[in-house]
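Starting from the known structure of chain X, fit chain Y onto it as the hints suggest.
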Amino acid sequence: MLKVQGVSKFFHDPVEVQILKEISFEMKSGEFASIMGKSGCGKSTLLYILSTMDSQYSGDVWLGDSHFGSLNADELAELRNEYIGFVFQFHYLLPEFTVLQNVMMPALKLGKMSKSEIEYEAMEKLRLLGIEDQALKMATRISGGQKQRVAIARALINRPSIIMGDEPTGNLDSKNAEMVFDIFKELSQEFGTSLLIVTHDEDFARKTDRVIVMADGEIISQ
Amino acid sequence: MKNNPLLFRIAKTHVVARKKQSAIAALGVTFGIGTFITLMSFMTGLNGLLDGLILNRTPHIRIYNEVKPSELQAVMLDSLYGNASTLHTIHSIKPKKTASNIRNNRGIINELSDDSRVKGITPQVSARVFYQSGSVLLNGNLIGINPLEEDRLFQFHQYIIGGKPSDLASNSRGVILGAGVANKLSLKIGDNVSMRNSKGKLVRLKIVALFQSGLAEVDNLQSYTNIKTAQLVAGENTGYVTDIHIKLHDIENAAEMSEEISKHFDVSSIDIKKANAQFETGTKIRNLITYAVSITLLLVAGFGIYNILNMLIYEKMNDIAILKATGFSSGDVQKVFIYQALIIGLIGGMLGLIIGFLLSYGISKSPFETAALPTVKTFPVNFNTWYYIGGAFFALITTFFAGFLPAKKASKIDPVEILRGQ
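Those sequence lines, one after another, are chains X and Y. Under numbering that gives the first Met the number 0, the letters of the first sequence match residues 0 to 221, in that order. Under numbering that gives the first Met the number 0, the letters of the second sequence match residues 0 to 421, in that order.
The following block holds chain X by itself, in its conformation from the complex (with noise of 0.2 Å):
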């Protein structure tokens, strides 16, 4: 599903730095697979870099049939817009757009479906994740936990084939850390859908199918 050869990125400033050294892996579909390892191993380089948003680095990155090297700035959008949903440490959200309308705006962006299909989605996505009743809220108006999981519906709402979180539970009281996995879980098992997520949480890491170690640029185990 997803798949991952020989990997290399170079940071030039201030001096030159290997910071991703010939990574290689393969992910199936439905795993829940969590990346661990040191500040600065690299490990949200390598994320930024699967999911489309950086392209600057050798070596070959597949999703499915997609080869990303092979695709130009506004094809890669497109994937990213269809097939990954990313959720970040911070809950970014749109501040001027209400709970819905965020959670809607990545499948108004695909334009697959009508408007009013959209937000019965959007109001599903909300009602898995339990903050159906926020739905009209501004986004600016709700508490942290809520705010991530938001953002998970968000990630969730064009059926994506692969979610990836930069330490999505890093910025969250253990209750709160703990529903979001129970979430990830339930999506690997119940829709087939693979997660890939940068973590520090050790307690979270342990639960999940596969744990990807990684230090200095390379993978020690996995």
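Certain hints may be false.
The calculated DSS-like cross-link candidates involving lysine-lysine, where the alpha carbons are at most 30 Å apart (straight line), are [unchecked claim]:
(1) K18(Y) / K411(Y)
(2) K411(Y) / K2(X)
(3) K136(X) / K18(Y)
(4) K114(X) / K11(Y)
(5) K262(Y) / K114(X)
(6) K187(Y) / K205(Y)
(7) K163(Y) / K411(Y)
(8) K187(Y) / K11(Y)
(9) K11(Y) / K136(X)
Calculated from the structure, these hints are not laboratory results. As the structure is a computational prediction, the values presented were derived from the model and not from experiment.
Leaving out everything else, chain Y in the frame of chain X:
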């Protein structure tokens, strides 16, 4: 393309969410466009008035007999002395005596009125007179005209006070007296004025109106009457005509046609551009100033939008990163910001058009008195629709370009840098 309505909605939400900033940016455009409209309407109104003073009242071509020495002196015809290489000098050449009557004037008028370039043609008779009041004699000039034609072609009514050109047409012994003359002789409308021609003959004419051109030297000398009366005063017969005034459909033909006429009919003729060379320069410079000021105002408004959008982009870094991370392309992000600029430009521009109209309307109702135009009571304003269309167009163009650079910048933002930075 299918995303445009969505991008527009995002842009609209951004604009509405920042009411104060958006309003300031829009007000910049409003101010720029409003002033542009007002300035253009007012300046071109004034220009039209000033041009009208010259263009409408002055004949495009004037045919007359000029007093000048013969170009071909008799001695030049001599085979011995006429050769340019021989030395000969003639001192004290005197002008040839020419009658001020234009010969064959009826023929000239008939022929020229058939010319498709000519809008109208009217003869005049100029007679030197002395206005008499008791023992006082004032130097003056009586001009015989066809009042109705003169009004049709040269807006004669614009400088008449207390009457109409037709009052003269209906009274064969009537006269429209220069305001300066009337003042000096303390005469008013309805009085009779006595004048003597150059041969000393006395005539009495009835004042039907006064005329005021704003030029003291004209108003103190000149009076108008019917052609026949002027011919009578001059002591000449009915074929006597001293000037022929021509108005053309297109003023640009004046110079060329004037040349033709003087060659063809062997008369002197002068075109409006030669007679009023300074006028065209003045118009050009006034137009130039108007455009320069208007464009500067619009540029300032444009910079206002540029600034505000630029600031907005710094505030919106996170949003841009989110949009990109969820699959919006660089082009989409660029459109969002260009739409914002255009929304601001559209609202600001619309308000500007309204404000521009209201200001122009106010000016057009403000009192404006000028000696040159006794019939004009308020400022002249040109309510030309094209200025409004141009203003709207300008508003959109400037805001588009003011928005383009910040939008380009926004589209280039790397979401990874923003998302990692926190």
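Consistency of the hints with the structure:
no. : hint              : in the structure
1   : K18(Y) / K411(Y)  : 26 Å, holds
2   : K411(Y) / K2(X)   : 28 Å, holds
3   : K136(X) / K18(Y)  : 20 Å, holds
4   : K114(X) / K11(Y)  : 18 Å, holds
5   : K262(Y) / K114(X) : 81 Å, violated
6   : K187(Y) / K205(Y) : 10 Å, holds
7   : K163(Y) / K411(Y) : 72 Å, violated
8   : K187(Y) / K11(Y)  : 69 Å, violated
9   : K11(Y) / K136(X)  : 19 Å, holds
Consistency with the previously given hints fails for numbers 5, 7 and 8, ordered from lowest to highest.
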